[in-house]
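Chemist: Keeping their order, the protein sequence lines are chains L and Z.
First residue of the first sequence: 1, per my numbering; consecutive thereafter.
First residue of the second sequence: 1001, per my numbering; consecutive thereafter.
Source of the hints: derived by calculation from the structure; they are not laboratory data.
In the EDC-like style, the derived pairs of lysine to aspartate or glutamate whose C-alpha atoms are separated by at most 20 Å in a straight line are:
1) L/K214 with L/E44
2) L/K218 with Z/D1142
3) L/K219 with Z/D1142
4) Z/K1052 with L/E240
5) L/K219 with L/E44
6) L/K57 with L/E303
7) L/K219 with Z/D1134
8) Z/K1162 with Z/E1024
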Amino acid sequence: MAIEEQKVVSHSRTVSLGDNTPALPEELRDPLVLGNPSIHDISEKIASITDSPMNLKFLLAIGATASLAGWGVLTIVYTIATGIGVWGLNNPVGWGWDITNFVFWIGIGHAGTLISAILYLFRQKWRTAINRAAEAMTIFAVICALIFPLLHTGRPWLAIYWLLPYPNQMQMWVNFRSPLLWDVFAVSTYGTVSALFWFLGLIPDLATVRNYVKGPVKKMAYWLTSLGWTGSNRAWHHYEVAYMILAGISTPLVLSVHTIVSFDFAVSVLPGWHTTIFPPYFVAGAVFSGFAMVMTLLIITREILDLKDYITLKHLDNMNKIILTTGMMVGYAYTMEFFIAWYSGNPYELSVFINRATGDYAWSYWAMFICNVVSPQVYWFKNLRRNIPLMFIISIFVNIGMWFERFTIISTSLHHDFLPGSWGYYSPTWVEVSIFAGTFGIFLTLFLLFAKFVPVIAISEVKAIMPTAQPHHHNEHH
Amino acid sequence: MSIGTSTVVMGNFTDPNALLHAAEKIRDSGFRKFDVFTPYPVHGLDGAMGIKRTILPYISFGGAMFGLSNALLLQYFTGAIDYKLNIGGKPFFGWQFSIPIDFELTILCTALATIGGVFFLSNLPKWHLPFQHDAGFQKAVDDTFVVAISSEDPRYTTDGTKMLLEQLGASDVRIVEPKND
Chain L
1 MAIEEQKVVS
11 HSRTVSLGDN
21 TPALPEELRD
31 PLVLGNPSIH
41 DISEKIASIT
51 DSPMNLKFLL
61 AIGATASLAG
71 WGVLTIVYTI
81 ATGIGVWGLN
91 NPVGWGWDIT
101 NFVFWIGIGH
111 AGTLISAILY
121 LFRQKWRTAI
131 NRAAEAMTIF
141 AVICALIFPL
151 LHTGRPWLAI
161 YWLLPYPNQM
171 QMWVNFRSPL
181 LWDVFAVSTY
191 GTVSALFWFL
201 GLIPDLATVR
211 NYVKGPVKKM
221 AYWLTSLGWT
231 GSNRAWHHYE
241 VAYMILAGIS
251 TPLVLSVHTI
261 VSFDFAVSVL
271 PGWHTTIFPP
281 YFVAGAVFSG
291 FAMVMTLLII
301 TREILDLKDY
311 ITLKHLDNMN
321 KIILTTGMMV
331 GYAYTMEFFI
341 AWYSGNPYEL
351 SVFINRATGD
361 YAWSYWAMFI
371 CNVVSPQVYW
381 FKNLRRNIPL
391 MFIISIFVNI
401 GMWFERFTII
411 STSLHHDFLP
421 GSWGYYSPTW
431 VEVSIFAGTF
441 GIFLTLFLLF
451 AKFVPVIAIS
461 EVKAIMPTAQ
471 PHHHNEHH
Chain Z
1001 MSIGTSTVVM
1011 GNFTDPNALL
1021 HAAEKIRDSG
1031 FRKFDVFTPY
1041 PVHGLDGAMG
1051 IKRTILPYIS
1061 FGGAMFGLSN
1071 ALLLQYFTGA
1081 IDYKLNIGGK
1091 PFFGWQFSIP
1101 IDFELTILCT
1111 ALATIGGVFF
1121 LSNLPKWHLP
1131 FQHDAGFQKA
1141 VDDTFVVAIS
1151 SEDPRYTTDG
1161 TKMLLEQLGA
1171 SDVRIVEPKN
1181 D
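I would like the entire structure built from these sequences, with the hints used as guidance.
Modeler: Shown next, in the form of structure tokens:
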């Protein structure tokens, strides 16, 4: 009886019962935005970033990243003009840094969609502070990823009829039975849908910025991109459903993209690649690496743009929990691959895995294992999950580890062919290293431009989760 | 109905509870040509304004079916009819290997239909905003809820409608002339 009474009380807090009413669980948690800003303060804070003049620090930073991107473009031109013979690829190892980098960049994007779509469907309110930047990273990462398979075709100007089904003068079509073609559709759909979803979320915020900025050129730019948004509830009402539908379709989409990327390997018959664990293993790894990249960039962004009240330790803590979880998932996959290699009784499979851990590329395997499985274990402790210098270092470790994971998978299965006579070894040339560095330049340049000119935090979404933003309609008797 | 481009009476709110109450009262007084402008979506406001459910999901579903059927047709036509190419003895068409492309094109067309649909239903993009010159109206994308009732509504009377908004707790109740040049 007494218990039942308590239940009634805790479920009807808005019924005025005096001061004894227990707090809702939500009120016991850390606030999502610190400093208790008003709704206007939120607009002011985020919009003022876009309206501030470019300072020397920004120009130096973008000068550095754009130079790196420029060097990457030069080496891309060199590759196209000469042929991919300037890379280190050889006969047993036909995929090297190019495909490693492709998978690496596609994986980076997955955290953005996870935050924007999956956490939205799970009603995780803390996502509002980080979704905009994470989604931007998704789009930039897909752009970087696309460069590699396109270059790998050797003659990218002909890639259009190898990759896209359009009626051409040879009356030939693409091969729909190949996982490489599935990849074309998966990645281009992913890029398009991510960009649309991102832009839809931006429209109300661009309208806020449109009314805030002063310069005529900026004003015009935000006028055009905000598409005449006024905040009419007759538009919001369609908008919210559109947002929900896009979140709903992006959720299976993000799972499908890295699944299909893993099919590039799993559908082949090579020992070490031909395994059914690949799709979930790749998806977990993608989310893992994506969160690490989001972490690296957001730690810097919140520092430089002074967003510590919006991207709080609570947000970083939650992201570290996801890094720990997904890190354990990839750790499980690494271990299970070994077990199955032995349990299958397939000598080729076992030989590939023993070679992975002890052979020519053992340094790469153990770098991957230590960075991905061992390093995130510090996040079992709350004070370490909230230690900023430590999480910055761990996030870099995870980025490195996840790159090595893809490199290990690709090179170890290829360099030992079935016949020992055709074994080989692969190492990249300076051209491949430069192109990879160049994609970092492209990625960081785009991110800097984004942080300067686009509202870095989803203004309208943060406003909507403020404690006083919504009417409390639990107890209205009209 | 949206407020159109004729003269409106506007009032500002800052409290979401008062706004919800006001929207219900305006709806119940029989007004149809009015709108509420908010900086973020307010829970329950659609019902309070008497807005019907959006048809957007049907548009999205149409996009999904378009994408799926075209993906199947494309793969069947190119592989099994137009140019049969024997690759490793695999069948020219099989539903199993068509699934990745079916799935991706379904998602792609759903997303395009949803975005197209939301723009069409919300009348976006809109390059002319007749009330943008009003400082209070501009704050609707910042921190203020703005209620606007059109003079074209049959129940509109200049004094009566102004008084209604004032009684409902709106501040800065004002007549705003559209700028239509």
